[in-house]
Every structure is written in structure tokens, then in C-alpha cells.
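First to last, the sequence lines map onto chains B and E.
Offset between the first sequence (1-based) and our numbering: plus 411.
Offset between the second sequence (1-based) and our numbering: plus 2.
Hints were generated in silico from the structure; no laboratory data involved.
Careful, some of the hints might be misleading.
[As the list claims (entries may be wrong)] Here are some chain E residues pointing at chain B (derived, C-beta under 8 Å):
id, residue
1, Thr52
2, Leu54
3, Gln116
4, Met174
Keep in mind it's a predicted model, so treat the numbers as computed, not measured.
All C-beta atoms, glycine included, are put in the ideal place defined by N, C-alpha and C.
Below, each chain spelled out in residue letters.
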Amino acid sequence: MFWEVTIDLLRGFGTTVEIFALTLLGALPLGLIVCFGSMSKFAPLKWLIKTFVWVIRGTPLMLQLIVVFYGPGLVAAWAEDIANPNFIISWLASWSVMDRFTAVIIAFVINYACYFSEIYRGGIESIPQGQYEACQVLGMSKSQTFFKVILMQVVKRVIPPMGNEIITLVKDTSLARTIAVYEIIWSAQSFAKSDGLMWPMFYTAAFYLIFNGLLTVLFGKIEKKLNYYHN
Amino acid sequence: MAILEVRNLHKSFGSNHVLKGIDFDLEEGKVLSVIGSSGSGKTTLLRCITSLEKADSGKITVNGNYVFDSENEHKLTKEEIRKNRLAVGLVFQSFNLFPQYTVLKNVTLACELQAKKRDEWRKNKKQILEEINSNAKDILAKVGLSEKLDSYPCQLSGGQQQRVSIARALAMNPDILFFDEPTSALDPELTGEILKVIKSLAAEKMTMVIVTHEMAFARDVSDHIIFMDGGVIVEQGDPEQVINNPQNERTKHFLNRFKENS
Numbered sequence: 412m413f414w415e416v417t418i419d420l421l422r423g424f425g426t427t428v429e430i431f432a433l434t435l436l437g438a439l440p441l442g443l444i445v446c447f448g449s450m451s452k453f454a455p456l457k458w459l460i461k462t463f464v465w466v467i468r469g470t471p472l473m474l475q476l477i478v479v480f481y482g483p484g485l486v487a488a489w490a491e492d493i494a495n496p497n498f499i500i501s502w503l504a505s506w507s508v509m510d511r512f513t514a515v516i517i518a519f520v521i522n523y524a525c526y527f528s529e530i531y532r533g534g535i536e537s538i539p540q541g542q543y544e545a546c547q548v549l550g551m552s553k554s555q556t557f558f559k560v561i562l563m564q565v566v567k568r569v570i571p572p573m574g575n576e577i578i579t580l581v582k583d584t585s586l587a588r589t590i591a592v593y594e595i596i597w598s599a600q601s602f603a604k605s606d607g608l609m610w611p612m613f614y615t616a617a618f619y620l621i622f623n624g625l626l627t628v629l630f631g632k633i634e635k636k637l638n639y640y641h642n
Numbered sequence: 003m004a005i006l007e008v009r010n011l012h013k014s015f016g017s018n019h020v021l022k023g024i025d026f027d028l029e030e031g032k033v034l035s036v037i038g039s040s041g042s043g044k045t046t047l048l049r050c051i052t053s054l055e056k057a058d059s060g061k062i063t064v065n066g067n068y069v070f071d072s073e074n075e076h077k078l079t080k081e082e083i084r085k086n087r088l089a090v091g092l093v094f095q096s097f098n099l100f101p102q103y104t105v106l107k108n109v110t111l112a113c114e115l116q117a118k119k120r121d122e123w124r125k126n127k128k129q130i131l132e133e134i135n136s137n138a139k140d141i142l143a144k145v146g147l148s149e150k151l152d153s154y155p156c157q158l159s160g161g162q163q164q165r166v167s168i169a170r171a172l173a174m175n176p177d178i179l180f181f182d183e184p185t186s187a188l189d190p191e192l193t194g195e196i197l198k199v200i201k202s203l204a205a206e207k208m209t210m211v212i213v214t215h216e217m218a219f220a221r222d223v224s225d226h227i228i229f230m231d232g233g234v235i236v237e238q239g240d241p242e243q244v245i246n247n248p249q250n251e252r253t254k255h256f257l258n259r260f261k262e263n264s
């Protein structure tokens with residue numbers, strides 16, 4: 412029985428890791444774009460992005476999952492009721508058949524991009540003005556300044572809060588079961604439902620702990636590597 | 003012809019009128035010291051000349067090129083602005099070294115980025131980089147840091163860091179080198195090494211403008227001294243005369259306070 416449960420949980424954990432990896436892959440770069448948007452000198456863009464970040468950070472990820480998964484279908488149903496749906500409504504309606512896994516990735520990427528953007532922003536804004544001024548008097552362009560001087564220092568500063576956020580992401584993947592995506596908690600729950608077994612649920616903790624343990628070690632290594640200088 | 007000309011320069015921050023019409027010339031190879039109490043506008047003057055701040059009105063020319071001219075409608079292109087920046091070097095009070103790079107890389111980085119724009123960069127990349135490196139090493143030797151090429155700024159004392167920042171500015175081969183209170187962030191026992199470096203540069207006829215609170219040093223190293231107060235030049239002239247025998251009441255008052263403190 413133990414092995415049977417282990418194999419099944421491992422299968423569920425595979426999905427967990429997939430959600431985790433794909434979310435990082437999408438949210439790390441998207442977060443930087445959102446960050447630049449929220450620091451834009453063009454006020455309408457800045458406030459649009461800031462409002463968006465407020466909405467995403469201000470509502471539960473579970474709710475966002477539900478909106479991404481069921482929202483387009485509701486739009487489709489409504490579109491059928493009105494005589495002339497415009498192309499935006501038709502486009503949204505066409506999403507109504509989106510599969511559950513895609514919905515999870517979309518919701519997670521958007522959610523985490525917003526959190527990451529704020530971490531990036533904090534990192535960028537913590538770099539002293541003097542660094543920019545030194546670059547300026549040395550005749551560096553804005554992009555040279557950012558990529559050659561600022562970025563490295565930002566990376567060093569955001570690694571600790573990033574580590575925190577990324578560990579939270581590992582655990583947040585369990586929310587995917589809200590829309591019936593078969594990740595590790597779901598698979599443990601199915602043992603409770605069908606066989607009346609509770610211990611597989613407790614057993615899932617081991618998977619999370621080992622994975623987060625590895626991440627903690629990895630982040631420790633990166634931090635140590637960047638410790639060759641301090642400001 | 004003067005290498006630096008400043009004419010009727012004005013600058014305000016909001017309602018705070020910091021520079022109220024500054025005029026002076028500086029000849030090539032000369033050293034000018036600017037003294038005055040905090041808030042007198044010395045640092046703002048330096049920041050306007052080095053284009054870190056934009057003046058409100060007046061005229062600044064370096065080597066005959068306009069850095070700023072409120073009368074002239076001609077708008078400087080980005081390239082012209084960058085060229086103007088390279089004509090002047092600035093040593094900051096707080097060093098502003100790049101913490102993630104070694105001493106040597108701090109000095110060579112901007113030179114390398116400049117060199118990439120040269121036509122022969124593609125062909126002679128290796129040779130150009132070697133030239134930049136050996137030039138940087140020469141300059142670092144001059145400021146007494148040959149032993150520290152591979153150190154990081156955080157491993158150095160304040161005085162050593164400031165010498166790296168002087169070397170970094172020198173490596174760009176500026177026409178004029180500006181110092182913004184280069185010893186103010188240092189422990190008193192470390193100021194000597196910086197002053198020594200500046201003196202050796204003066205002996206090589208480097209054109210320099212130094213904002214400083216080191217009165218004795220200003221007197222010894224400068225060819226000319228400007229005393230600023232409340233955004234105007236109150237008194238200027240020969241160092242001996244300004245420091246030892248000031249004519250203006252405000253200058254006397256300022257220098258007396260300094261004597262009391264030291």
C-alpha cells in the first residue's frame with residue numbers, strides 16, 4: 412500500500428513541479444516587464460499597471476483561478492444571449508474550452524508576475540542615486556548603466572525576498588485543485604475519499620519539505636556566490 | 003583662451019534660489035578651489051558644470067564647446083551631451099564605486115564601453131583592451147594602488163576607495179577634473195593620502211576644480227580661490243590673499259569659524 416500511495420503521490424507531485432516550473436518561467440520575465448511599467452514616467456501606463464497589481468495582490472489566488480477558468484465560459488453564455496457580440500466578446504468566448512492546466516498556468520503566472528514586479532521594483536529603487544550619477548559622468552548610456560552596473564546589484568538584493576516568494580509558490584500550487592487539476596494534494600485526497608485513508612495527506616508534507624529543502628540550499632548557494640562583495 | 007567659462011549661472015530648486023549668477027574663468031593647467039559654508043551652492047555649481055543638474059540660465063563652455071547655454075536655441079544631441087560629459091571628470095564625496103567589480107574593472111569599465119564605439123574595435127579588440135588595461139594599471143600605480151588591482155571596493159579603506167575613484171575619473175582622460183569635497187567622507191587620518199594625490203596631479207598641470215573644506219590644502223595647492231556664500235561669489239583671488247588676508251566681512255567670518263574649529 413505504501414508504495415502504491417508513493418507512486419500515486421509522485422505522479423501528483425509531477426504536476427506540482429510542472430506548475431511550479433512553468434510559473435517561474437513565465438512570471439520571472441513578465442514580472443520585470445510589469446516592474447518597468449509600474450516605474451514608467453508615462454503616468455496613465457504607470458497607474459494602469461499599479462491598479463492591476465493592486466487587484467491581483469489584493470484578491471485571493473484561488474479566486475483568480477476560478478475567474479480565469481470559468482470567466483470565459485460565462486462570457487460565452489452571455490454572448491449567445493446578445494444579438495451581435497463584438498470581436499472581443501467572441502474572442503473571450505473562444506477561451507471557454509481552455510483546459511484546466513492552462514488556466515492554472517495563466518492565473519499563476521499573472522499572480523506571481525505581480526509579486527515579483529514589486530520585489531524587482533524594491534531592488535531597483537534601493538540602488539543609490541550615486542551609482543547612476545557615476546555612470547553618467549563616465550559617459551555611459553542608460554542601457555549600459557542598467558545592464559553593466561545596476562542589474563548585478565539588483566540581482567544580489569532581490570535574491571533573499573525571491574527565495575521567500577518562490578518557496579511560497581511551491582505550496583501555492585496546491586490551490587490548483589480548486590479547479591480539479593490533479594496535483595499532489597488532490598491525489599492524497601482521493602485516497603481519503605475512496606479508501607478512507609488519511610495518512611497519504613500527511614505524507615504529502617514530506618514531498619513539499621524535501622523540495623523546499625532543496626530550494627533553500629540552492630538559494631543559500633546563490634547568495635553565498637554573490638557574497639564576494641557587499642555594498 | 004580659458005578652458006572653462008561660466009557666465010551668469012542661475013539655478014533654483016523650487017523656490018530655493020541656489021546659484022544667483024556665477025561668473026568665472028579657469029585657464030588650462032590651473033587649479034581652482036571653491037570654498038564656502040554648506041548650502042552656499044558650491045556642490046550645485048559643480049553638478050551644473052558636469053551636467054548632473056541642468057542650470058536654469060546662463061552659459062557654461064568647456065574647451066570652447068557649449069555645455070549649457072540658455073540663450074542659444076541649439077539643442078544638444080545625446081551624442082554631444084555625452085561628449086561634453088567626457089570632457090569633464092568628477093570625483094564624488096561618497097566615491098560611488100561599482101561594488102561588484104574589482105578595482106581594475108572599476109577603472110576600465112567605462113573606457114571599454116567607449117572603445118566599443120571606435121571603428122577599429124572589431125579588428126583590434128584584443129589590442130585595444132590590452133591598451134586600456136595597461137593604461138589603467140599605470141594610473142592605479144600613480145595613485146599607489148598597484149597592489150590592489152584585484153580587490154573589491156568593500157575590501158579597501160575609504161582613502162583607497164577614493165583613490166580608485168580618482169583613477170577611474172583620470173582613465174577617461176578628461177580636460178578638467180572636478181572634486182566634490184573629496185575628503186569629507188574620510189577619517190581625518192586618511193585625508194592626507196588624497197590630498198597628496200591631488201597635489202601630484204597639480205604638479206603635472208592637470209586642470210582641476212576642487213570643492214573643499216580643507217583650507218590649508220586649498221591655499222597650498224590652488225592657483226585661485228573662490229569663496230561662495232548664499233549662491234554668489236563673495237570673494238576670489240590669489241590663495242594667500244583670500245585665506246590669510248580676506249577683504250570681505252563674510253569671508254573673514256567664515257574663515258574665523260574654521261580656525262576656531264581646527
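Evaluated hints:
For Thr52/E, the suggested interface contact is upheld, since its CB lies about 6 Å from the closest CB of chain B, less than 8 Å. Given hint, Leu54/E at the interface with chain B, holds; its Cβ is 6 Å from that chain's nearest Cβ, closer than 8 Å. The beta carbon of Gln116/E is positioned within 8 Å of a beta carbon in chain B (closest approach about 6 Å), and the interface hint is therefore held. Annotation: Met174/E was flagged as interfacial toward chain B, and the flag holds, the nearest CB pair being 6 Å apart, inside 8 Å.
Of the numbered hints given earlier, the model fails none.
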